[in-house]
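2 protein chains.
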Amino acid sequence: MNIVVIGSGNVASHFSRAFVEAGCRIIQVYSRTPAHARALASTWTVPAISQLSDIDTTADVYLVAVKDDALETVLSQLPPALNGIVLHTAGSVEMAVFHGYARRYGVLYPVQTFSKEKHIDFGHVPLAIEASDAETQESLSRLAGLLSGRVFLCNSEQRLALHAAAVFACNFTNHCYAIADDLLHEHRLGFDLIRPLIRETAEKVMQHKPREVQTGPAVRQDIQTMEKHMRLLQEHPDWAALYDALSRQIGRS
Amino acid sequence: MNIVVIGSGNVASHFSRAFVEAGCRIIQVYSRTPAHARALASTWTVPAISQLSDIDTTADVYLVAVKDDALETVLSQLPPALNGIVLHTAGSVEMAVFHGYARRYGVLYPVQTFSKEKHIDFGHVPLAIEASDAETQESLSRLAGLLSGRVFLCNSEQRLALHAAAVFACNFTNHCYAIADDLLHEHRLGFDLIRPLIRETAEKVMQHKPREVQTGPAVRQDIQTMEKHMRLLQEHPDWAALYDALSRQIGRS
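Chains as they are written, first to last, in the working numbering: chain B, 1 to 253; chain S, 1 to 253.
Just so you know, the hints here were simulated from the structure itself, not pulled from any lab data.
Backbone N, C-alpha and C fix where the C-beta goes; we use that ideal spot for every residue, glycine too.
Every clue listed holds true.
With beta-carbon atoms standing in for the labels, derived distance ranges: (1) B:GLN137 / S:ALA22: 52 to 60 Å; (2) B:GLY251 / S:LEU153: 30 to 38 Å; (3) B:ASN10 / S:ASP192: 22 to 30 Å; (4) B:GLU235 / S:ALA22: 39 to 47 Å; (5) B:LEU153 / S:GLU72: 52 to 60 Å; (6) B:SER141 / S:GLU235: 30 to 38 Å; (7) S:LYS67 / B:GLY149: 41 to 49 Å; (8) B:ALA241 / S:GLN221: 17 to 25 Å; (9) S:ALA22 / B:ASN155: 52 to 60 Å; (10) S:GLU212 / B:GLN51: 32 to 40 Å; (11) B:GLU72 / S:ASP192: 29 to 37 Å; (12) B:LYS118 / S:PRO79: 54 to 62 Å.
As a list, the in silico BS3-like pairs of lysine-lysine whose alpha-carbon atoms are at most 27 Å apart: (13) S:LYS209 / B:LYS116; (14) B:LYS67 / B:LYS118; (15) S:LYS209 / B:LYS67; (16) B:LYS209 / S:LYS116; (17) S:LYS67 / B:LYS209; (18) B:LYS209 / S:LYS118; (19) B:LYS67 / S:LYS228; (20) B:LYS67 / B:LYS116; (21) S:LYS67 / B:LYS228; (22) S:LYS116 / S:LYS67; (23) S:LYS118 / S:LYS67; (24) B:LYS118 / S:LYS209.
This is chain B alone, in the form it adopts within the complex (with noise of 0.2 Å):
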């Protein structure tokens, strides 16, 4: 398996290095940014592009992981009528984006989150997979299959949802630990004191649903503890309306 790997980021990258460790061949990559291009390709001693047009067309899978806002200008640039599968990894981009740029194409969604610095074990990874044709669905779930143990097809609209629930649970929950982190600080306390009940809280529900076991003031309805601690947040409007948002909603659940 042949594959062009579009884009040069945190998700180009935790790609490309699990298509390498599953058997396959990188074959290009290609980076608007010449010095990205070559930083990733270097790592597999293949050819770095930045144009294009100077795209191999004989791959078989074409992985287009850039920017969402980037993803339709990059499809409008690839040579006409590729033989290969082009994919896109976005959980937010409908398939529809495909339409008029290429012959058989999909997505491959990671439900994950990556950073530079921390390596992931892909086997574990969900990955939503979605394909233009019964053909292209079997080579992607194939290809999938090689990457982890949890591939499961999703449309356009599920994958959208899922995107949604991973920014609540991923994005919104890493906020409610940088305020904790800054609320400590504050105070002169280190954020290493919440680091096991952050850990906690996420092993919590792996076995079980989030909504059985909320813990904590508001699901107690202890309205003495809630009024304290907005007085305490009373200089930072920010958070005190977010505390009052999250614990009625909490309360009302």
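Start from chain B and add chain S according to the hints.
Positioned in the frame of chain B, the structure of chain S alone reads:
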């Protein structure tokens, strides 16, 4: 070390187990509800009481782990002039609550979330302590040190901030998980799909500060994606409002 446990909820249960495992002796368990007192007391085959006047006045420690709003009522009913140390375990109740009710007192606040179903290894739970006087502080520090390797001094004001930080990092985080669960369910997708993401999000901040590892459309200022998510959420005004508020805060930070 002889301990009377006052309360029979999650915190009382988890502390009791930790004390026994550390070689302390539970000598009585009190709960207003006789059946609850008996249930916990029978675990350690000790007497259950449901009248505070029946309390053993020879104990070294009285651990009061009741709901915050019941705390003062319980303290006011303790026999006067106990020699043992009276402790509460609440994050948001000032140590001053003991004034007039006890001679030697303090706070032993565990920075962790407890549920019935799940065992907690107390050895890694940060324990915030505060005491009425230097001698009591030394005793409390020694007692807490039997349970955990992470004992630290923390005044009432700091403890309130720590508790509020815990609400953000645990309770609000769990509510974000719950919204994600509901969203997935609405689109016929299972919560299992984002469990690896939840775990990775928590694991990331074990080594890094949350602001350093924030990902997602809000921090990228990916307006298109945020608008798609807002349209998806329009039938859930609560979630949409939260999405908007959190995204704005992340965008500003």
